[in-house]
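Novice: Whole structure, please, built from the sequences with the hints as guidance.
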Amino acid sequence: MTESIYSIHRDGFIQGVKDCIPTLLGYLSIGFAAGVVEKTSGLSISEIVLMSLLLYAGSAQFIAAGMIAAQNPISAIIFTIFFVNLRHLLLSAALAPHFKHLSPWKNMAVGSLLTDETFGVAVNRIQQKRAISFLWMMGLNITAYLNWLLANTIGGIFGQMIPHPESLGLDYALTAMFIGLLVLQMEERAPDPIKIGVALSTAVFVIGISFLFSGYIRVIIATLLGTTLGVMIERWT
Amino acid sequence: MDIRWNIVVIIFGCAIVTLLPRVVPLVLLSRIHLPTWLIDWLKHIPVAVMSALLAQELLLHDGKFSLTHHFLDLIAAIPTFLVALYTRSLLGTVLVGILSMMVLRIFM
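Protein chains in written order, with our numbering: chain A, 1 to 237; chain B, 1 to 108.
Keep in mind that the hints were calculated from the coordinates and are not lab data.
Please read all numbers here as calculations on a predicted model, not as lab measurements.
No residue lacks a Cβ here, since even glycine has one placed at the ideal position from N, Cα and C.
Hints may contain errors.
[To be verified] Rough simulated footprint, nothing fancy, chain B against chain A, three-plus residues with beta-carbon under 8 Å: (1) 27 to 37; (2) 51 to 64; (3) 93 to 101; (4) 125 to 138; (5) 167 to 180.
[As the list claims (entries may be wrong)] Some chain A residues well away from chain B (every beta-carbon gap over 10 Å; in silico): (6) Gly-12; (7) Pro-22; (8) Gly-120; (9) Leu-149; (10) Ala-203.
Specialist: So this is what it looks like as structure tokens:
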């Protein structure tokens, strides 16, 4: 009996909340930047809240905001976001064996709030040979979720207080964000040459196919070509 | 509540296509195994998407390749890249980007 109470404390909801804390500051700042970009893209605070609650994905929210501001068709925005978030298949598939025993509904609850950072924390715990329970995962996921919502809302309110965001260079936040996200994909000391190759070739593909296609379909086609090239280089070297 | 219907459609649409890849593998448990080539391919997506978006922002104007239309943006990208490389802080990168653009607009 005492042992089970002990394990509840070690693996429970509260422990999940605690294990989320190291990631909070980083995502608070990203969420804040996202909120500012969303606001300067013309979204209202209510729309920012709705987006953070339902979409709940860092880079996707930046991209969606940018595409809304550029008045892209709805279908193009949804298709691009689908593509950007396809990588979640990987995260979800990697966690699946550890939640095999749960009901489909509980698995759905775990998956619906899965992000890069909560996945990172969970994998870290698995690597330490510690069990991950449903409640622990929910504690982790819900803390990250609320933090994201809060950060976006504060960013949006801040963005609203600035009358001419472009005079402050705030319209450049989106571009700067893409630069940051791209660089952070690379390993710190010795970046994978294949990743650099994928990045450069995709950029060239965007320019190359700009003569054939317009709008965000370019981004999708160039990404398909760049990733396929990356897989081919990996196979042949 | 200032929520426009077209924005709601976009948010719901994006939410659904984001939810599916998040939950499907977990719900189908270990009944599905992603093939190796798909895993290899998926892991390249973040780098490729960011690079494509960046190229689109910096190097294209009205769908045409141009280095002159986004000249200030390209110049501002240099310190932004350097800060990203050396600090690896997303917030720092965004702040330096905004600041560089502000300074460039004042002087150019």
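Novice: The structure should be examined with respect to each hint, and the outcome stated for every one.
Specialist: Against the structure, the hints come out as follows:
1. 27 to 37: holds (count 4)
2. 51 to 64: holds (count 9)
3. 93 to 101: holds (count 6)
4. 125 to 138: Answer violated; 0 residues pass the 8 Å Cβ test.
5. 167 to 180: Result for this restraint: holds, n = 14.
6. Gly-12: holds (20 Å)
7. Pro-22: Consistent with the label, A/Pro-22 stays out of reach of chain B, its closest Cβ about 15 Å off (over 10 Å).
8. Gly-120: Nearest chain B Cβ is 14 Å from A/Gly-120, so the label holds.
9. Leu-149: holds (14 Å)
10. Ala-203: violated (4 Å)
Going down the numbered hints, you'll see the structure goes against 4, 10, while the others check out.
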